[in-house]
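Asker: Build out the structure end to end from the sequences listed, making use of the hints.
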Amino acid sequence: MAIPDLSDRDLSDRIVRGGDEAAFRVLYRRHTPALLPFVLRVLGGAEADAEDVVQDTWVRAVRALPRFRWESSLRTWLLGIGLNRAREVLRGRNRAPAHGAEEREVPVLPPPTAERLDLERAIACLPDGYRTVLLLHDLEGFTHPEISERLDIAIGTSRSQLHHARRTLRRLLDPAAEETR
Amino acid sequence: MNDHDLPDELTSEEREAFASLPRERIPPATLEERVVGALRAEGLLSDATRQRAGAQGFRRSWVAAAVAAGLALFVSGVAVGHWSAGERVADAVSAALDHGADPQQAATEVQEAGSEYVRAVAHLAELAGQDTGGELASGAEAARVALHAAALELARVRPDDPTLRLVLAVLEERADAASDTTAGPARKTIWF
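In the order they appear, the protein sequences are chains A and B.
So the first sequence is numbered by my numbering: it starts at 178 and just counts up by one.
So the second sequence is numbered by my numbering: it starts at -16 and just counts up by one.
These are computed hints drawn from the structure, not numbers from a lab.
In this text the structure is predicted, and so the values were computed from the model without any measurement.
Keep in mind that a hint or two might mislead.
Sample of chain A residues at the chain B side, in silico, Cβ under 10 Å [unchecked claim]:
hint	residue
1	P214
2	E297
3	E317
4	H340
Where chain A lies over chain B, by a calculated footprint (3+ residues, C-beta under 8 Å) [to be verified]:
hint	segment
5	-2 to 5
6	10 to 17
For each residue, glycine too, the CB sits at the ideal point set by N, CA and C.
Answerer: Next up, the structure:
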């Protein structure tokens, strides 16, 4: 069977056993198109950071491949690693003096006269915590217990973050309509 | 209480809007090489692979240097030309850029073509001393066309290279100038 036709597991075996670069490139090309936009959204649209996170995600994943038990799909596992790495970057940003010592909880709202934002831009404007929960729940289809486990937060916190995220998002997308709700 | 009992459940329009967001995106080509490089540096990809990749890197850099040297000779104003030699340079460059080509063989071909090219320069210098203007002009035109083809081939691989863009601009300027002098001497191939 040609390398591009091999399953994720067979490709991973080749990488673990012999550091097979061709097998890695197939795996990379299969999953990076989904990994990149996911981490890009978690990071609020920072392209350079997203590429760094993708690189770190693959390095961590290949290191950990021998211990991966295949209880989930490789893609789900990769997105989990990417999510953790992206959150580390967000925490680093929030620790940087330019952003102050505390996590940013106030969204970067457009000026009052701004026109409606498109959904992608509005998501990027959300505070980090809101955005992460919203992406996992409304885009990736995770449940609150799953989000709670992945982000190491209480289920109630996940629900609350989602509630605030959606309200903020609606306000960003259509300020006039949200006023009337 | 499950997830959908929340008072702010998404409307159908909002669900559609989320569903319409692209889930995939083609990553930049440079990112794959960065990632592979990082894995090699960590020792997570094999040495054998590194050697193959190294040969390819050698091939690319060697070809770039060979073409740059050839173009520099031409752009520096030396009126050179030999259709066969120029064509061999272009062919060798194409072969070297072809992923299926053997890097050592491609490198040798480029080197041989380059040597022939240098011999052509020397011969044309002699011709210049003998006032054979027609032969010089046809040789220079042939060299320009061949080198232009080689530069375009390289530009396909490295479209953002500023030096290459500059060289192409000079070559295209010369092509325009050449096309304005169609009443010049009859073209004739010179063999070395």
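Asker: Test coverage of the segment 10 to 17 of chain B by chain A using CB-CB distances below 8 Å; three residues minimum.
Answerer: Since 5 is at least three, the answer is holds.
Asker: For the segment -2 to 5 of chain B, does the count of residues with a C-beta closer than 8 Å to a C-beta of chain A reach 3?
Answerer: holds (count 4)
Asker: Given E317 of chain A as an interface hint, is the shortest Cβ-Cβ distance to chain B below 10 Å?
Answerer: holds (9 Å)
Asker: Should the interface hint for E297 of chain A be scored as holding, given a Cβ-Cβ cut-off of 10 Å against chain B?
Answerer: Since chain B brings a Cβ to about 7 Å from E297 of chain A, closer than 10 Å, the hint holds.
Asker: With chain B as the partner, please determine if H340 of chain A meets the hint condition of a C-beta pair closer than 10 Å.
Answerer: holds (6 Å)
Asker: For the restraint on P214 of chain A, tell me whether the closest CB of chain B is nearer than 10 Å.
Answerer: holds (5 Å)
The structure fails none of the hints (numbered hints given earlier).
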